[in-house]
Structures are given as C-alpha cells and as structure tokens.
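K.L.:
Single-letter residue listing:
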Amino acid sequence: MILYGLKPVVSFLPTARRLFSIHASGCVVLLKEKINTLKTSFLDKNPVTKIQLTMVRGKLLKLLVVIILLITAFFGYKFYRKAKVKYPGLTRVYTNEKVTEDEGKLIAGFPEIPQYPGISVRTSYKKVQDSKTDYVAVWRFQGEGKTIINWYSKELASDGWKVTGPFIDESEDYLHIEAENNNYKLKIQNTEEDGDETKKILVAEFLEK
Amino acid sequence: MRKTISYIFTFILSINLWYASNLTRVVFAQSTDPVVAGAGDISPNTNGTQFQTANLIQAINPLTVLTFGDNQYPSGALATFNTYYDPSWGKFKSKTRPSPGNHDYNTSGAVGYYDYFNGTGNATGLAGDRSKGYYSFNVGSWHFISLNSEIMSSTQNAWLLSDLQANQNANCTVAYWHHPRFSSGANHGSSTRTAPFWDMLYQYKADIILVGHDHLYERFAPQNPSGASDPARGIRQFTVGTGGARIYSFGSPIANSQVRISTHGVIMLTLHAGSYDWQFINTNSQVLDSGSGNCVTGTGPTAVATKTPTPKPTLTATPTTSTVKPGDVNRDGVVNILDFQLLSNSFGKSLGQTGYNANADFNKDNTVNIMDFQILSNNFGK
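Residue numbers (our numbering), protein chains in the order written: chain D, 1 to 209; chain X, 1001 to 1382.
With the rest of the complex left out, here is chain X:
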C-alpha cells in the first residue's frame, strides 16, 4: 500500500511538473550572456503579423535587434514606416541595427529607410551612412557587420576587407544582409550576387551569416563559399525572412540545408565567448529549431597571400558573466541542492523586497519565480 501511494505521488508530481514546464515554455533566454534577435521581411503595407513577431522580440528583450532587409513594404516610404513599422518593431528602434533590402530601395536611395532609422535628413545614424548602408559594431566580444546587398560595389567590398582585418581579435563574427547566397526557397532561391561577401568572410573566419529575402526560415550546416560542407571552419547561414511579410514555400532542399520551416518567427542568438546558441521561435512562442555552434578559432585569413595578419594582442583574463552557470546561485561552479535551497529562500521575491536574491533571478526579470526554478532544474547536477 505504501509503495502504491509513493508511486501514485510520483506519478501525479510528474504530471504537474510537466504541466508547469509547459507553462514556462516562453522562457527563451537562459543565459547571462548577450542575446541578439531579429528577422527580415518585416512590415507589410498593413497591420499584420509584424505585430506578433514584435511581441516575440519584446518577450526575448535582446540587447540588440537585427533586421535582414525589406523592413517596410512595398517601397520603404517614410509614411509607411511610420504607419506600420513604427507601432510594431519601432518599439525597439533605439537598439535596432538594420540592414536594407530591395523593397527599402524601391524608394529612390532608400530615403524612407534612412530617414526613419537615422532621422529625417541625417547623414548617419542607426542605419549607418546613408550613402553606404553598411557599417559594423560590437556586441560583447562579438563583431557584427551589417551589409548592403542591394547596392553591391567594390567600395563596399574594400570596406568589408578592411573591417575584417581591423577586427580579427573579435571572438566571433556575424555578418547580415538581405539577399541569400544559398536558399532552398521555391520563390527566389540561391543567388551569387553576394558571393564576394562570402569569399571575404570565409577567408577571415566569420561564423554566422543572417539573411532574409526568401520569406522562410532555413538553417544550413557550416559551409564554404562554394556551398561545400566545412564543419571545421565553414560559415553557418540562417535565412530568417519571417518577420511579418507573407510566407513563401520551399522547393527541393539544397546541399547542407538542415532545417526548413515556413512560418513567421524570429531568430534569437545567445553569444558566448567562443560559441553560440540559436533558437527560431514562431509567433505561438514555440521554439521550432534550436542548437549550438562553436566559433571558428584562429585569426587572419587562410589563403590570402597579400595579407599580413595583424599580431594578436595578449588577451587579459577578464572575468565575465559567461563563466557563471545558469542555476548556480552560490557561484560554486555546481548547480546542486544548495542552489535550490537559496532559490527557495528568495522564491516569489521581487527586486526591492527583502529576501530578493539577484543571483537566483537567472532570467533577470526582477522576480525569482517558476521560470528561474525551471532554469535551475534544467541545469541541476551540471
């Protein structure tokens, strides 16, 4: 009888915990490392799905929001930016680093795009120099490069080369623009127009490329500019043209394509010191694709005879938050019963209340709650 009761107790507890875990499925970020999120092909000429993807961005609350072109349909006019983009993705404008697409350039010189992001008439701003449309910035130890695939030029290529050379000490590199080099989409498909970007980024050991244009989500295995598999030092491309415009269809999957999804959503990248995690989240807050990858190690180009690699300065061992494991409340390097005890002591407490323990608030929502418990349980024993 006692045995039966204990089994029943376990059974009911299991069901309840499973149900609780499903309720907290909207916990996207489980790390203290920087998070960026974004999508391309965002705002149709109507109040549509861009509001749902904006809600996802809001829930993720990333450090930086990236856009992969075609921010506003059909022609990127400032009036439509203000009417449709601004009430949705415009909520994150101050932390958005956009890239332009072909629809943004349907207005001559993409005036609406630059006026919206940089401010009317301003030469430069969030979208970079309006005469260029490409720029770079850093998020933590990661280097980000926003490129203009609508206006391909030797000037931009030269700038990209110099930017890569100047930032060889970045732990990892992400580049993003609009037109995909590789795509299994039935509507647009692969295009060689951005092959020069790929060549340089591969030579300088970039890690991730993010694009849009095909209104789909597609993840590729690391590959070289020719599309051949290269697990050791290839670049992983994500097509995320799922920000709000209507969704396209896939044709036959091309080489190295690993996952293909036709639905609206956003990509979230968690940036670790030498690696990254990705999640593709649909408008139902479900993670439809996720995984982790390592950054390509080493600096300098691999096979460029004309380039002299810049000497890499000695890196100082600066402690970062990335060394703290999620769930490790007492910072002893192990997530165990002691952490559980500490979390229990501050459970239900919010910032400012007596008993609130910031170390137990893993998702930094200023409250120690079931979501933090979920993070701890996911890492228990690690």
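Bound-form chain D, shown alone:
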C-alpha cells in the first residue's frame, strides 16, 4: 500500500518541484518564522533542559512520521483503487505487442474453450505485451448468431466460467457475451467478414488477468 502511495509522488515530482517553487518557498518561510516565534514563546514560558527539548523533538518527529505514513497509505489506497479500474472491462492499450498467428488452427497455448459443432478456425493470434499473453481466434460458422452465442453462454458456465450476457448489440442476431475465470477475461461475439453477410464469423478474445 505504501509503495502504491509513493508511485504517484515520484511521478508527480517534476510538477511538484515547479509548483513548489511558486507556493512552498513563501509558505516555508512563513512557517519557519511562525515555528521560531512559537518556540521562543514556549521556551520563555516553560524553561526546559536540552535533554527534555531533544525528547520533545524526537516525539514530534515520530508523530510526523506516523502522520506521513497514514497520509501515504490513504492516497496509496485511493491510487490502488484507481489503478484497479484503470481500464475497465476488456481493454488493452497495445503499442508494442509481439504477435504470432496461425491459419486454420488454434495457435499453440490457446486457452481451453468449448467448440461449437461444425465451426472452423479461420485465424488465431497470440499476443504478448508487458508480460501478459492474450489470444484471439476467428471461426467461421453457419446458422444463427444468437443460437451459437447462447450455446457458448451455457457451455462456458458449465465449464466454470462466470458469464455475463448475452448482450444484444446491433440487432437481435448480433450478440456478445463476456466471461471470466481465474486466468482470463473473455469476450465472444458473432459478426461477419467485411461486407458479406453470408460469411459469418465468431471472434473470441482472451485477455490475461
């Protein structure tokens, strides 16, 4: 949690330095003057030995450290929560993924998934970026889109996937489902190859958690 709190601080340092030059220098001078005044006033009213003063300073320092840790933990928690929902749903920002693809079959390592009877693999892809391995497969199929999506919804659920949907999208026969297990988030949808409604395809995308 503390590390999460430090991360934004480090990333914000350049801006903080710039803003600090505007605000903090003036504030610190005022703060120092105030502290000196208070200290002088306190010592005048309460004469203490050097040892006592050192003890007070030590306690104050410890208190400040605790306050800093609490503040850091608070913002760390907030940042942690924000990082957790940074890209909600099935989102990846690909910029340098390493992709391998296979025609006519599922690429090696492709996650286990039920196969609707009669469908054939057009292309499959394996993508690796930032130590995450994602997979995409495109199948050709015949028949109604809603039939195949409903079939996958039931089969995935019986295979232990947590399934949401089917969601109707563009029209009654164009649907998608989302599912997840311990390792992947999965999206399956039916569509068609470009400009040809007779070439129906099913696309599945697995994003590693």
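Simulated from the structure, these hints should not be mistaken for laboratory data.
Backbone N, C-alpha and C define an ideal beta-carbon position, used for all residues, glycine too.
Be a bit skeptical, because a hint or two may be false.
Claimed, not checked - Output of the computed footprint for chain D on chain X, the stretches with three or more beta carbons under 8 Å from beta carbons of chain D:
| id | segment |
| --- | --- |
| 1 | 1042-1055 |
| 2 | 1181-1195 |
| 3 | 1240-1250 |
| 4 | 1257-1268 |
| 5 | 1281-1293 |
Place chain X on chain D using the hints.
P.N.:
Just chain X now, kept in the frame of chain D:
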C-alpha cells in the same frame, strides 16, 4: 528539525497537488483553438454505450461533432434514430456533420439517415445532398471533407478532386468516411474500396483521415496510399469506430499502426494554425492516446501532370487566438508568476461577478477555478 519540517511540508504538498491534478483529469481542452470531436459506429438498437460517449462529447463541448458512419444500427431507420440516437448524440445534432455507413444504407437510400439529419424529405441539410452524401465545410482555417464510402462513384471522385483544388489554401485538411483503407482489426481489416480517396487526398496534401467500421481505436503514422511510411507528407489515419456499438478485436498489427485500443471512446482534435493535437478518451474520461502532428506544408498536387496549381493568394497576418499561450493571463508571451498572481486574484469568480477575469478562464467554462490553475501550472515557464 526545520529542514525535516520543510521536507515534510513539501511531501504533503506534493501528494495533495498530485491528487488535485487527478481530480481535474477531465479537463480535455487546454487550448483556445477550435476543437472538433467524434466517433463512428455509434448507436446500437438499444439504450447502450452511446449515452456514455455522448457524455464525453458534452464534456468536451467541441465546435463541431463528426461521425464516421453507422450512426444508427441495425439499418438506420428513422424510428430507431429517433429512439436511440436522438436522446444521446442527438443532443449535438445542430453542430454535427455526419458521414454515412453501410448500416445507415441498410434502409434503401439511407432515407432514415437523411431524414434524421436533414429533416424529413429535405433534399439537403447537415448530411449534405441526400442524393450524394458527401460535402465539405471549414472549421477555422481547416478544411473538412465528409465522404460517402458506401456509394463509391466516379462522380464523387470528380467532386473530391474539384473540392481539393478549390481549397488548396486551407492550412490543413481532414477527410472522414466510414470504411478504413488500413486496419489491424480481426473482424473487418483493411479494404481497398476507398483507395481512390486516398490517392487524391495524398496528392493534395491532406493531413488527417478519420474512419470507423472496425469497432476499435487505431492510430497510424503518416503514410502514403500504398501504406508506406511517409513522415514528411503522409496522411495520418485514425480509426475511431468506438462510438457505442460493441467493440471488436485486433489481429496482427499492420505496417505503420502505432496504437491499438479496444474500448469505447471518442477522438478529440484541437486545430492549430499549422498543426493539431489529438486525444482518444474512453468512457471513464481517461485519455488513452494523445499526441501532436504538423500539417503537410505547401499547396497543390505533387505528381499530377494535368493539374495547374491555383496561385496562392497572399495571406494577411490576421491575429488569431492561437497566438495566446494557455496560461498567459496578461498576454505578455510568457506564463510566469505574474499570470499566477492574476489568476489568484480572480480565483473562484464566475462570469458576471466582480473580479472575474476572462483571460484567466482558459477552458472557457465561465469560472476561474482549479481547472484553470491546472492549465497554468502545465504551461508554467513556457
């Protein structure tokens, strides 16, 4: 001890400022130059994500809203436009300049599309002539061309050529339509159907092409019509089929593809005199991709023997708001402590209140607030 306190003070201040900067992350526009925003593949046949992308458009508040086809699924019928598109993106109808897609043409002649944007039975309007579906307009010094990639024709190609010739003096040119020439999408992918558009736009030094069809966001480096990298005078294509329809998946990235994102969102373009900034913003109000580019300089075609370039008229040095730096309250050309002081004096003041300084209201939301402070701090010292 004093040193320790000052360090602690700095530390806490840093955390608070960082947190404040995150709270104001929804500040999209930081320039006084014109802003346009848009997406394609917008309204499914249900009350879906088009409402979230519409909220983004509302937050951006662009001068012009662009659409890149497939405005209403599944067939662009007027009834579904009125039921699903109108309550969401219809809020910006009066400033929308649409382009049609294949789903809009699933109703014969795209009657629903033209009836919705032009008015029932009207021959022309926001969507251009209903017998054509292509038109052009200007935003500031930029020229915008909306094309109809569903009905490709020699007539449209001839019109595009004449439009490009007639607008060679525009600082920069944007063209948009539905079907992408280049795409890494696993569902649709690249298509040569719009190659004639690319050829002409490249010859006449267009700068940006915006498309949809693949329900994804993809940004390309400037390239020529063959897909070869051309940093000096290539066109940058953005695929933004992310307006609300379900999201597709990517296959292998094709040449010059720089960023690929599968999520709903809109693109925002800030139009400067000879350059532009882009931001792709998701429905969580996060900027997932951003950057800047320069427009291709010079006028006239590069390698068209039959064309005689129109002489370029002398441009008058008209002062524009683009010369004012964001954060420069006193307009002295530098964003410094004086600007900070002026902003502080009008901090919290709204339009109509004593002390309100319009020059300090950088985002033009009629209030000088933390968002304006953020803009100033981002440009401090420049």
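K.L.:
What are the numbers of the hints that this structure violates, sorted from low to high?
P.N.:
none
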